[in-house]
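Quick note, the sequences are listed as chains A and B, same order. For the first sequence, the numbering used here begins at 468 and goes up steadily by one. For the second sequence, the numbering used here begins at 468 and goes up steadily by one.
Simulated from the structure, these hints should not be mistaken for lab results.
Repeated chains share a single entry, so a pair holds when one copy, or any two copies, can fit it.
SDA-like, lysine to any residue: derived pairs with alpha carbons at most 20 Å apart: (1) Lys584 - Ala619; (2) Lys670 - Arg688; (3) Lys670 - Pro686; (4) Lys670 - His685; (5) Lys670 - Trp658; (6) Lys670 - Asp659; (7) Lys670 - Val642; (8) Lys488 - Asp588; (9) Lys584 - His520.
There are 2 protein chains.
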Amino acid sequence: MDWISDPVVSRGVSEQGFSLKCQGRRVPGLAWWPEEGAAPRPVVLLGHGGTLHKRSEYILSMARRFVRHKGFAAVAIDGPIHGDRSSGPEGDPESRGVSVQAWWSNESIDRMIEDWKATLDALQSSDLVGQAPVGYWGLSMGTFFGLSFVAAEPRVRAAVLGLMGAMGSTEERQVQDARRVACPTLFLQQWDDELIPRDRALKLFDALGSRDKRLHSHPGRHIEVPREETDASEEFLAAHLST
Amino acid sequence: MDWISDPVVSRGVSEQGFSLKCQGRRVPGLAWWPEEGAAPRPVVLLGHGGTLHKRSEYILSMARRFVRHKGFAAVAIDGPIHGDRSSGPEGDPESRGVSVQAWWSNESIDRMIEDWKATLDALQSSDLVGQAPVGYWGLSMGTFFGLSFVAAEPRVRAAVLGLMGAMGSTEERQVQDARRVACPTLFLQQWDDELIPRDRALKLFDALGSRDKRLHSHPGRHIEVPREETDASEEFLAAHLST
Chain A
468 MDWISDPVVS RGVSEQGFSL KCQGRRVPGL AWWPEEGAAP RPVVLLGHGG
518 TLHKRSEYIL SMARRFVRHK GFAAVAIDGP IHGDRSSGPE GDPESRGVSV
568 QAWWSNESID RMIEDWKATL DALQSSDLVG QAPVGYWGLS MGTFFGLSFV
618 AAEPRVRAAV LGLMGAMGST EERQVQDARR VACPTLFLQQ WDDELIPRDR
668 ALKLFDALGS RDKRLHSHPG RHIEVPREET DASEEFLAAH LST
Chain B
468 MDWISDPVVS RGVSEQGFSL KCQGRRVPGL AWWPEEGAAP RPVVLLGHGG
518 TLHKRSEYIL SMARRFVRHK GFAAVAIDGP IHGDRSSGPE GDPESRGVSV
568 QAWWSNESID RMIEDWKATL DALQSSDLVG QAPVGYWGLS MGTFFGLSFV
618 AAEPRVRAAV LGLMGAMGST EERQVQDARR VACPTLFLQQ WDDELIPRDR
668 ALKLFDALGS RDKRLHSHPG RHIEVPREET DASEEFLAAH LST
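Given only the sequences and the hints, what does the whole structure look like? Please build it.
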């Protein structure tokens, strides 16, 4: 885990960029943590949505919430073909010039599981996080990858997922992985989602193996998740990660 | 509104039985309010489930929550053919010996709307509640009647509904009334509900006319609504009724 920028502090929140090696790839990430205090501290892994990146406004906002309100750390990495992996120095060579929709594949899921596991390994041996509870928060593409990651990673103690359905070329894989998710899960769905058909989202929620799961649905389109669920996300993860 | 028992106080909660006349019927009810303080105070109307009554354990528990935690009043009345309307002195003469399932009818809905409106009229002219915000909480049969009451009663400012679907002989009426519900609504659904098919419940949620509505679904059977939603109910109604 190489720090690739100087830490910047904003209203009590330290932020720093990093890069780590995974299977020959460079994974670009950002970490946030409280200016005060010391590890070990719980960490929330943040998976951004399609066409966005690790410092999109809502990712930054979620990160700062967990740091400021709960004293947690937060970490985001760019998805494949996104952010600094699209064109920056960390760009995947094989992804240059590839359509952003090319991430919808089983192979991309496999690579993101590896990337998140490598990130978590690095965090747990760092003096930023250490051996502490881990949560995951990611919607849309952040669930496309995150659901399979959470299924494969017993260190994740609770997850907020949603805005995604079991569909397309990956439907079978998504359902299989959903069955293996065992941690408490909050699943968000938009009743009028124009990208993810309602029945596909409900199918994915239905498949989740967690006994402790809940679905929260609201009227509105894909990106119209209300602030109420930002609050619910924060309280849900905090309840499961606070020791 | 005739008080038909002496008030009893339990840990700060006053409770008293009442009876009121509505269209020639006697409606038996219970009121709870804080021992301290004075009207006007918000009131939550509590609609119990089928085969149960106005003082079933969970109704009593919800009532005491609103009184103790929020300083509200709470009121429950027996549904048709239920509680003191089945066999007691307040029993509907026409309901004696009738199966408890006989409540599933448009006529029962119409009568319960009248009963609830008469109850609310009496409360608003009493020195127990007065002119103050009104909420409704009722699941299962409490939604079968309550949804139509809320649709017909603009004084209700927010509602918690659920464990019910648009189905059977009343399906069309339920959908029409749902479209006329305009207040903020929390709708609860049990994913494995053995009494209300999932698609029937989702159809009723879908039909709700409120722009501000949310669906919370959990695994489990009809009566297994988790405590998490008791908390959510309390906070949801309190947020809308506190002035």
